[in-house]
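Asks: Residue numbers (this note's numbering), protein chains in the order written: chain G, 2 to 329; chain X, 2 to 329; chain F, 2 to 505; chain H, 141 to 452.
Take these hints with a grain of salt, some might be off.
To be verified - Partial selection, computed: residues in chain X whose CB lies under 8 Å from chain G:
hint, residue
1, ALA135
2, LEU140
3, GLN148
4, VAL266
5, VAL301
6, GLN304
7, THR310
These aren't lab readings, by the way, just hints derived from the structure by calculation.
Just so we're clear, the structure is a prediction, and the values are computed from it rather than from any experiment.
Idealized CB from N, CA, C, for every residue including glycine.
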Amino acid sequence: MQTTTTKSQSRTQSLVKGESLQRFLALGALVILLAFFSLISAPFRTTENFTSILVATAVNGVLAMGATFVIITGGIDLSVGTTMTLCSVILGLVVTNSGLPLWLGIPAALAGGALVGMVNGILIAKLKLPPFIATLGMLNVSRGLAQILSDVKPVYFEGHPEFYDLFMGKPILGIPNVVFVMFGAAILASLVLTRTILGRYTFALGSNEEATRLSGVNVDAWKITVYSVAGLFAGLGGILIAARMNSAQPSVGMGYELDAIAAAVIGGTSLSGGVGSIAGTIIGALIISTLGIGLSIIGVPDQWKLVITGLVIIGAVWLDILRRRGRA
Amino acid sequence: MQTTTTKSQSRTQSLVKGESLQRFLALGALVILLAFFSLISAPFRTTENFTSILVATAVNGVLAMGATFVIITGGIDLSVGTTMTLCSVILGLVVTNSGLPLWLGIPAALAGGALVGMVNGILIAKLKLPPFIATLGMLNVSRGLAQILSDVKPVYFEGHPEFYDLFMGKPILGIPNVVFVMFGAAILASLVLTRTILGRYTFALGSNEEATRLSGVNVDAWKITVYSVAGLFAGLGGILIAARMNSAQPSVGMGYELDAIAAAVIGGTSLSGGVGSIAGTIIGALIISTLGIGLSIIGVPDQWKLVITGLVIIGAVWLDILRRRGRA
Amino acid sequence: MAELLVEMTGISKSFPGVHALDDCRFELRPGEVHALVGENGAGKSTLMKVLAGIYRRDAGTIRFKGREVEIASPRAAQDLGISIIHQELNLMGHLTVAQNIFIGREPRGAAPFLLDEKTLNAKARELFETLHLKLDPRARVSSLAVAQQQMVEIAKALSFSSVVLIMDEPTAALTDTEIDELFRIIRQLRERGTGIVHISHRLQELKQISDRVTVMRDGGYIDTVQTAEASIQSIISKMVGRTIFEATPELPEHPNSEVVLEVRNLNHGRVIRDVSFQLHRGEILGMSGLIGAGRTEVARAVFGADPHDSGEILIHGKPVAIRTPANAVAHGIGYLSEDRRRYGLALIMDVEANVVLASLRKFAGRLGQIRFDRTKAAAQEQVKGLAIKTPSLAQRVRNLSGGTQQKVVVAKWLAADTEILIFDEPTRGIDVGAKSEIYRLLNDLAQQGRSIIMISSELPEILRMSHRILVMCEGRITGELSAAEATQEKIMTFATQREAVVAA
Amino acid sequence: SGSATAAPSGGAGSPAASSGSGAAPYIAIVSKGSQHQFWQAVQKGATDEAKAKGATITYEGPASESEVDKQLTMLQTALDKKPAAICFAALDSKAAIPYLQKAKDAGIPVVGFDSGVDSPIPVTTVATDNIAAAAVIADKMAALIGSSGKVAVIVHDQTSQTGVTRRDGFVNQMKAKYPNIQIVSIQYGAGDPVKSADLAKTIMTANPDLKGFFGANEGSIKGVLNALKETSNEGKIVAIGYDSGQQQIDAITSGVEAGAITQNPVGIGAKCVDAALDAIAGKTLPKVIDTGFYWYDKTNITDPKIAAVLYK
Ligand SMILES: Nc1ncnc2c1ncn2[C@@H]1O[C@H](COP(=O)(O)OP(=O)(O)OP(=O)(O)O)[C@@H](O)[C@H]1O
Ligand SMILES: Nc1ncnc2c1ncn2[C@@H]1O[C@H](COP(=O)(O)OP(=O)(O)OP(=O)(O)O)[C@@H](O)[C@H]1O
Ligand SMILES: [Mg+2]
Ligand SMILES: [Mg+2]
């Protein structure tokens with residue numbers, strides 16, 4: 002047994018090395034993008050612009066954290082974008098229509114998100130629907146509900162300037178609070194993922210669901226929890242996007258789910274489950290927004306932006322795969 | 002051993018029964034929808050309207066057939082919608098700009114689709130990208146290319162009335178040719194799937210890719226072929242949508258991929274691979290368009306249509322799962 | 002007599018279309034090792050899964066320490082003190098050894114939802130010390146060899162300090178030394194009063210370790226006997242309901258001297274080192290060695306399933322390039338993997354599709370259309386020739402028993418007219434009846450002039466079947482023995498010939 | 141800082157005027173879209189005008205008119221580039237207020253275009269009165285169908301401002317002035333000519349006696365035209381559209397479509413740039429610069445004044 006142990010030990014070490022390398026690679030791609038745009042564009046390399054990039058990352062970053070949990074379990078959540086919208090509408094209605102105080106709107110939005118997530122989880126864990134289909138259905142349902150509740154009209158936070166101020170106004174060191182909210186959520190999410198039972202079971206589910214079940218873990222309950230967490234992040238996303246727009250817009254949100262999934266996967270989360278990190282996801286989200294803003298600043302036409310974005314998604318994930326293959 | 006044989010024989014029978022039951026169930030859902038709308042709406046139960054449903058099914062039906070091949074291998078193709086658009090643009094440019102005859106535009110569109118599909122296949126088989134990511138990237142690339150090639154302007158088939166006539170004009174028994182093209186393609190696709198090596202390997206890949214590889218099958222080549230076939234269907238979709246619009250519109254196509262996947266899955270194709278049929282897919286596509294047209298005829302508001310569509314997707318797939326569970 | 006720990010009576014369980022258990026009975030006393038035997042598909046695993054809360058029984062009663070109990074979930078079984086080692090490995094590959102062992106029972110930190118990794122690893126280390134296992138608690142399970150993973154499973158089951166321990170074929174993937182270690186642990190547990198259920202197809206083991214044997218057949222209970230009072234032959238006849246003549250099969254006296262396959266200086270990283278050998282026409286070449294010696298790696302490299310760094314492969318004396326399994330198949334090589342469900346079969350496809358999977362092109366027309374009359378005929382021929390027990394060609398392979406599945410894999414390669422067959426652990430997890438059929442099959446194939454490499458971890462099997470035996474250790478071939486000179490002792494000597502020993 | 145840039149002295153067609161600072165003033169234009177021909181035509185007008193006047197511009201817009209959030213990011217990016225002026229077509233003007241405030245604080249003049257910006261910050265708004273335009277369509281429709289009967293509307297989007305104002309302008313005018321006209325259905329087709337066609341067909345199926353269709357943007361009216369063609373109802377049902385494009389122009393010329401409202405997208409683009417340059421120069425501007433809209437039909441489609449504002 003001696004030799005085998007040493008072998009697997011060295012393999013474990015290389016795995017650990019591999020993992021820091023992964024962050025390094027995704028981070029490397031981000032640094033290259035930042036350096037490239039900074040080099041060729043003076044307006045890009047301004048503090049204001051870096052702040053803009055952070056602000057533009059906030060919503061997608063938060064949604065992508067939820068996506069990360071779900072993808073680590075081996076699932077997928079297509080409903081995060083429209084659930085975000087639904088939550089921003091809930092927030093808007095609570096704050097403006099009911100005359101309730103602002104601080105009640107925030108938990109209402111989060112609860113709404115968690116509820117949609119829980120429905121996703123129940124459909125998947127109890128009714129055994131494939132996650133793709135359950136969340137595709139809920140994508141439509143959330144979107145419809147957002148429009149029904151808002152009567153297909155934006156909800157404005159008139160008479161509630163404190164809401165905008167809380168998240169976007171009053172920047173600290175020039176950085177609006179949405180950015181701090183995103184990083185705060187990231188730290189929390191990362192702790193949950195690496196240091197709590199929920200995190201442990203998230204990885205266990207993605208690694209081998211049946212083995213987890215046979216170990217006496219109530220996998221249905223934990224799966225429902227994970228999708229609820231994703232819904233919770235969608236709720237937070239709804240709050241942030243409402244703050245950014247100083248209103249709740251019932252028809253934004255389509256396509257956000259793909260950006261969130263792309264951010265997680267670019268950041269090293271594996272669509273086959275069992276692997277992923279919040280730090281990687283944040284880097285992935287930063288890559289997406291840096292690319293978007295960079296191309297926009299240097300004035301690349303829209304149609305070329307699409308092509309380049311497509312190629313960068315493919316390239317970034319390919320790099321990650323090359324790295325893993327090189328290691329394996 | 003006598004007992005074992007009898008035992009498993011009865012199991013085979015129930016399996017076979019199960020499989021015809023599956024078609025029966027999806028068909029049942031379709032019949033219920035048709036009956037329901039016919040009952041409550043006189044205009045729904047007209048020949049013209051049934052023709053409209055068939056015409057409205059054509060594009061999605063064709064895309065969904067490609068999706069069926071891909072999903073049976075255990076993959077997914079998010080790029081079919083925008084590839085369809087790209088192919089319609091290619092068709093338009095060949096027919097109008099180059100002065101080449103119409104019949105050259107059709108193979109050009111098909112070839113363009115197959116080429117995009119082949120790129121998808123290479124990214125997935127050779128570069129080992131997850132299908133979700135490879136085709137998400139290509140979704141953007143195709144969309145960008147369609148806009149670049151067309152200079153973001155629709156391409157009209159001026160001076161080529163024969164194109165519209167070929168597919169939409171001159172209906173036989175009141176049914177435009179696009180419908181016959183869809184059913185023709187379905188028969189062909191069904192034959193390929195059930196009676197050729199390609200079909201057999203499509204199922205084998207989805208059932209156990211590694212075992213297929215270890216049987217000496219060149220799985221990479223076959224995977225590339227399957228994605229190319231999906232691209233080919235996207236090309237055909239591009240021809241049909243161009244015919245319906247009598248032009249190529251460079252900005253349609255987003256979201257079509259989700260409808261195509263939903264049609265396949267509602268029709269009994271399993272997202273985990275190895276299971277599926279073209280007949281089921283056509284029924285799935287018919288369910289989607291019947292629902293859309295039915296709700297629109299009885300005047301359900303848009304936002305409620307979304308909610309109902311979401312619930313029907315969930316319900317239809319749930320039924321399918323109930324059936325399988327009952328059988329398994 | 003001590004009070005019964007477990008008493009199961011009248012247990013029935015059906016799956017759609019199958020009566021897996023019919024009025025079954027089983028009892029377990031404290032401090033006994035109770036062996037459960039039966040052919041593949043007899044219902045052993047199902048019966049034990051009912052006891053472990055994984056399946057709900059359709060009828061019958063379960064008494065635990067005299068009290069009637071309802072075991073509704075794996076957790077409920079754990080709470081009663083019943084733990085199980087499953088027949089299949091059930092591990093989370095992305096998690097570490099310690100995380101796997103304590104999944105669902107993680108030591109908690111400052112708050113009840115926080116993990117305490119330090120305590121977790123310490124507890125695992127402690128456990129390994131009491132079990133004399135050399136495992137790193139922080140190693141990722143996916144990085145371990147199969148035998149080590151099996152040890153993790155065993156450690157996990159033992160960590161519950163249960164009163165009932167069910168082991169479903171724990172020894173299938175272990176070598177003799179590892180099995181000895183396991184038996185030592187079992188005896189230790191027995192002394193503590195733990196009741197142990199031991200399921201195994203290696204009937205010789207029963208004599209070594211068990212007190213009583215219960216035999217099952219076709220989902221029914223047959224008999225329970227004291228091990229000491231029963232002969233293996235009598236147990237076998239109870240299992241199969243007929244007598245099996247286990248005479249040594251006849252090997253063709255002299256395999257042809259024609260060299261069919263030659264491997265020269267094959268290397269791949271540290272797992273294959275300078276491997277060279279020859280395979281003759283009509284020969285069965287046994288490959289022996291401890292688990293992890295690199296036999297599978299050699300087979301996969303020769304077959305093109307994995308790349309190799311250097312080396313030459315010659316077929317009929319001509320060097321050939323084998324980079325993919327497709328190349329190998331084109332050169333007439335077939336490989337039967339040690340894990341047929343993962344690497345050998347398309348489980349949700351039918352018998353016919355699996356049989357012709359490796360040779361489909363032969364049956365295709367110019368347009369790529371499959372000639373179903375021919376594929377059916379070919380599959381039917383194999384089903385007949387190999388006596389594959391299937392109700393029809395349209396049966397899904399998933400629904401066949403383990404031994405029958407193995408025959409389907411063999412059929413696949415025969416249908417492809419394969420000249421060289423590499424069997425990797427062909428009898429793993431297969432009952433005695435099916436096993437002797439596989440042996441006969443191997444002999445028939447050799448007699449027909451096909452050349453066979455047989456990798457096996459069971460020494461009696463290797464000794465009985467091979468014309469010639471190669472022994473591997475740590476990626477090298479350390480010895481070659483002819484059938485005449487080979488003994489278990491000689492093989493073990495070569496198998497443990499580590500590099501350090503050689504150098505000394 | 142931005143407004144400090146020396147400006148062209150305003151003399152039309154004198155690109156040399158920017159010689160004062162040596163650098164061409166930079167104007168960032170954020171529109172409502174980029175993937176429709178209407179917005180492409182606005183871009184063309186702006187680009188040509190900027191070239192003529194010696195300014196540099198960038199032009200971008202979100203992929204769809206519901207992407208309020210993405211547009212705000214573009215607006216922020218535009219601000220970060222510290223342009224001499226910003227032209228902005230708000231998808232939701234209230235949502236943009238904080239950003240407009242930032243522009244004001246930075247001394248960057250903002251010119252609103254296409255639709256009004258609900259804020260005192262923009263120095264001027266170059267816009268079409270969509271409500272009035274849609275009311276004209278209602279009047280034309282009423283005249284064409286004889287002030288009674290059933291009509292239906294296909295709109296591109298239930299939430300975007302252009303969709304809502306055109307729909308409401310039409311509906312309100314009908315309600316106010318033509319009590320005998322019944323609007324039987326309003327459907328939303330995402331501007332997709334095929335989806336809109338399928339919807340239009342369902343409306344005709346449900347209302348065989350339908351007399352008229354209003355398609356509220358180019359994609360919607362294309363859908364109506366396709367549906368009429370597919371059901372052989374061309375010429376039997378009155379179709380009125382919005383914007384231009386080859387298919388509409390052909391349909392109007394051939395009489396299948398009764399007419400349409402067009403704005404002057406090229407003119408909007410050009411006037412935007414002019415207004416921005418004026419603002420940079422510190423000139424006072426009228427609160428609204430009306431770019432006007434035009435009813436065109438078979439009778440006036442070849443009129444050079446109309447032909448000039450149509451895009452193909
Ligand atoms: N989940 C299941 N669904 C359907 N049939 C099943 C299932 N599990 C077991 N069976 C069937 O029940 C019967 C008993 O299987 P079981 O696994 O208990 O046999 P076993 O005695 O453990 O065999 P082996 O020695 O091969 O492990 C077999 O016919 C098997 O195919
Ligand atoms: N993917 C891998 N990466 C690194 N090492 C591996 C890998 N696969 C196997 N090994 C190691 O290579 C060695 C040889 O393994 P192999 O499976 O070939 O042995 P074997 O003799 O066939 O044993 P078994 O009977 O278990 O199949 C073992 O030490 C194993 O841990
Ligand atoms: Mg078993
Ligand atoms: Mg092996």
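Asks: Flag every earlier hint the structure violates by its number, smallest first.
Replies: Violated hint (a single one): 5; every other hint is consistent with the structure.
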